[in-house]
Amino acid sequence: MNKLENIIYKIKDTFHLEAKQKNENQLRVDVDKNLVSSVLLYLKTQLGFMHLNHISCVDWIEDNQFELIYIVWNPESKITVLVHTRIDRANPVMENIDAIWDQANTYEREIREMFGIEFPGLVGAKEFILEDWQEMPPMRKDFDTAAYAEKTYQKRPGRENARDVREELMKRTGEELPDFAKKYSRD
Amino acid sequence: MNVNREKETTLYLGPQHPGITGNMMIKLKVKGDMVTKAETHVGYLHRAFEKLVERRNWLQSFTLMCRFCVPEPDPMELTFARAVEAIEGREVPPRGKYIRTIVAELARIQSFLLWYGGQSGSAGLYTLGQWSVGDRNYILDLFEDLTGARIYHMYMWPGGVRRDLPQGWIEKAYKTMDYLEKRLEDYNKLLFDNAVFQKRAQGVGIIPKDKAIEWGVVGAPLRGTGIKHDVRIDEPYEAYADFDFVVPTYEGGDVWARALVRRDEIKQSISIIRQALDKLPGGSYYNRIPNPMKWKVPAGEAWVKTESVRGEIGFYVVSDGGNKPRRVHLKGAAYTHGVTVLEKILPGQNIADVSFILNSLGVCPPEIER
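Residue numbers (our numbering), protein chains in the order written: chain A, 1 to 187; chain B, 1 to 370.
For reference, chain A alone in the conformation it holds in the complex (with noise of 0.2 Å):
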């Protein structure tokens, strides 16, 4: 038995979970929310992954829920496994695990402003990165980037209609300017 073997049979074992190879040192495993934390702990106090790599969140917009992959890395091994969870999109709780990596919190702060999930009982200033921010949490895919400059930026005078810079140019100088890009497109 192979070391990433050894760990897809420890985790099944333990939890009943299948974890999956994605390559030759990594694994994903899909945890239902409530078992993040107890995966997570196992993973490092009992199979030695000391290293918190990240925690990334993705907006699955169209199934109503938020997607969180903890990356955890074994600095004996040089494993790594991506422990994946699915989280209602319109109630975003998730458990806090700075208790685990102090280095967590970061993270969390993180998501917490970018997406919108509550971390009950995370330390830290809710403004990390951006400031003053009365919109919607902006990393959310139903979140208008077009509509909130057109809303918050002012246009420059005389420049309103330059959206189209070629399109300008011609008019301006009455010069046909060729299309390159449509002049080297490959269909």
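Treat the hints as calculated values from the structure; they're not laboratory data. Do not take every clue at face value.
Stated by the list, open to error - Examples of chain A residues toward chain B, derived with CB under 10 Å: (1) 22; (2) 52; (3) 73; (4) 80.
Claimed, not checked - Partner residues aside, some chain B positions facing chain A, computed with beta carbon under 10 Å: (5) 52; (6) 216; (7) 235; (8) 330.
The C-beta atom is built at its ideal place from N, Cα and C for all residues, glycine as well.
Since the structure of chain A is provided, determine the placement of chain B on it from the hints.
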């Protein structure tokens, strides 16, 4: 300001200060000139790159990817390219892999030279900074010949690199390596034989060895505590498996140990570039992608790591099968070094050493905010 040792005073260091490239404020609580508590405040540089790429196609994203961190743009585009290749299962031809390795190592050297300037400058030794930043221009010249740009190259694309090596470039690269190798001896005399630097660096900003992995320390700061970890050796990517090089480690975990690690790593980078130029295979350098405007990457996810000068950086990239990325998330070394690690090691240090320690950790604020 009250400098009485008994009374605690709040001191705002930054957002502009020596020691780092970028803006970041550290709120210090000080007693006399000793730091008792530190808190990192970011938010001066947020450019929403991760949001912007969700509206750009895969190839357009590269113009933003390299801009995550000014002193070291190449590892970013390399890692993103590798992440896209991992999702798509696209192979890179051997020549492409070798050229990528050469560019990645050149990027390491130029970033090391910039670090020399910052580290010596924050100790008040300005001569070395002038020299090393001047010598860095020879590397930027090589980049300019190769890619047309000095800092942001957008040279490494999914499937390989954008252009082949120009005529005469290999000879020029050999010459630059010979020159730099000679210069390193001068640097050693100026920095490591300097009593001021020795006194300032030894025993300052210590990261405990038993906590380093748990705190998320990576790169030179980790190797400075005596733990041997380098992505280039542990999980070799591109052509690194073909070369002989060692990963230097030093005990102590202080600024001095981290400086020694970096000093030795430049020599290793020069050696890797020479080996790569010696063994450079022929053939194609690029595995052509379809029309970039209509190119769709199959659904999937990838977590890919690369060793940069500041430590390992990772990209978590998700594709939903469309022509734009669903999610791109960068984890830079500075994300932990600049917040958690810094807040833990600063208490007990002198105010004058704060920017010194910041530089030795390789904190790059644009990497924290993205």
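Outcome of the hint check:
no.: 1; hint: 22; result: holds (8 Å)
no.: 2; hint: 52; result: holds (6 Å)
no.: 3; hint: 73; result: holds (9 Å)
no.: 4; hint: 80; result: holds (7 Å)
no.: 5; hint: 52; result: holds (8 Å)
no.: 6; hint: 216; result: holds (4 Å)
no.: 7; hint: 235; result: holds (6 Å)
no.: 8; hint: 330; result: holds (9 Å)
Hint violations for this structure: none, all hints satisfied.
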